[in-house]
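Based on the sequences and whatever the hints tell you, model everything.
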Amino acid sequence: MRIKLTSIMVDDQEKALRFYTEVLGFEKKHDIPVGEYRWITVTSPEGRDDLELALEPNANPAGKVFQGAMFSQGIPIAAFEVTDIAGEFSRLTAKGVAFTRRPAQAGPVSIAVIADTCGNLIQLYQPM
Amino acid sequence: MLLRHEGFRCLCRARDLLSEVPEHPLSIEDVAREAQISPFHFIRQFEAVFGATPHQYRMQCRLDMAKRLLANGQHSVTEVCMEIGFASLGSFSGLFTRRVGETPSAFRRRVRAMVQVPGTVPAELTPGCLSLMSGLPLSAFPGSIRSFREA
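The listed protein sequences correspond, in order, to chains S and L.
Last residue of the first sequence: 123 (my numbering), numbering continuous.
Last residue of the second sequence: 165 (my numbering), numbering continuous.
These are computed hints drawn from the structure, not numbers from a lab.
Ideal Cβ positions, reconstructed from N, Cα and C, are used throughout, including at glycine.
Where hints are given, some of them may not hold.
[Unchecked claim] Some chain S residues well away from chain L (every beta-carbon gap over 12 Å; in silico):
1. GLU22
2. PRO40
3. GLY42
4. ALA73
5. GLY102
6. VAL104
7. GLN121
8. MET123
[To be verified] Just a few of them, taken from the derived set where beta-carbon distance is under 8 Å, the chain L residues facing chain S:
9. MET15
10. LEU16
11. LEU17
12. PHE22
13. ALA62
14. PHE64
15. GLY65
16. ARG82
17. LEU83
18. LEU152
19. ALA154
Here's what the structure looks like:
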């Protein structure tokens, strides 16, 4: 049994693909039409290319409620590891990304939180 | 852009206001006032956080609501138009067609044809990872197929 795929709900798949590739810097692996939606996955150029993140359409009303509540409570839905969190803060801020928490030490890691423009908060962390 | 806790909370409140369809909708300036942010900064911050301007976000919420109502099949297109706060059927139909790719009545016919249990939402409107994966070609899983053949 392996962990090969995880997913994140997004309110607009095209917008999400742009944000996760052009802004965050991930690479598109799959983009296959499935009915009125698409099967889109991205991988990290800094990690293993067989670990995929699916950008899943959030058309389920229950999913929208869950996503909205997590967002309003300031709870990140996923976390990505970075090697230079201060550098990411500068790079992403220059690209117009909104941070709800600037990089700060929290125990053994330094963490920051961004809005992904698709209804989610994402935590960035750098092990110290 | 760094949002303070209070600013973030106000933007979430604004998002909730924009997703509602009250009898007398607030203008974007009214929503900005409710969020205690100047209209200029409100639009800029809202777009950075939610990926759409407040107006675009409000329209998308209304179209999502229209799709749900049409899929449930208990309202006519005209009733749905009124329900989501549009005064003009022409404006509603035009916007819906541009964004969804088919007219509201065509959408209603297509989606209603998929409904198997009265009153439930068609599976096509509630996709999840697994339902999406079930529609993928085998080429989407090259590693798995190789393993299967080797087995």
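Against the structure, the hints come out as follows:
1. GLU22: holds (16 Å)
2. PRO40: It holds; PRO40 (chain S) is separated from chain L by about 19 Å at its closest Cβ, greater than 12 Å.
3. GLY42: holds (16 Å)
4. ALA73: Nearest chain L Cβ is 14 Å from ALA73 (chain S), so the label holds.
5. GLY102: holds (21 Å)
6. VAL104: holds (19 Å)
7. GLN121: holds (18 Å)
8. MET123: holds (21 Å)
9. MET15: Nearest chain S Cβ about 5 Å off; hint holds.
10. LEU16: Holds, about 5 Å.
11. LEU17: holds (5 Å)
12. PHE22: With a closest approach of 5 Å, the PHE22 (chain L) hint holds.
13. ALA62: holds (4 Å)
14. PHE64: holds (6 Å)
15. GLY65: Hint holds; GLY65 (chain L) Cβ to chain S Cβ min 3 Å, cut 8 Å.
16. ARG82: holds (7 Å)
17. LEU83: This hint is violated: LEU83 (chain L) lies away from chain S, its Cβ roughly 12 Å from the closest one there, beyond 8 Å.
18. LEU152: With Cβ-Cβ at 11 Å, over 8 Å, it is violated.
19. ALA154: holds (6 Å)
Checked against the numbered hints given earlier, the structure breaks hints 17, 18 and satisfies all the rest.
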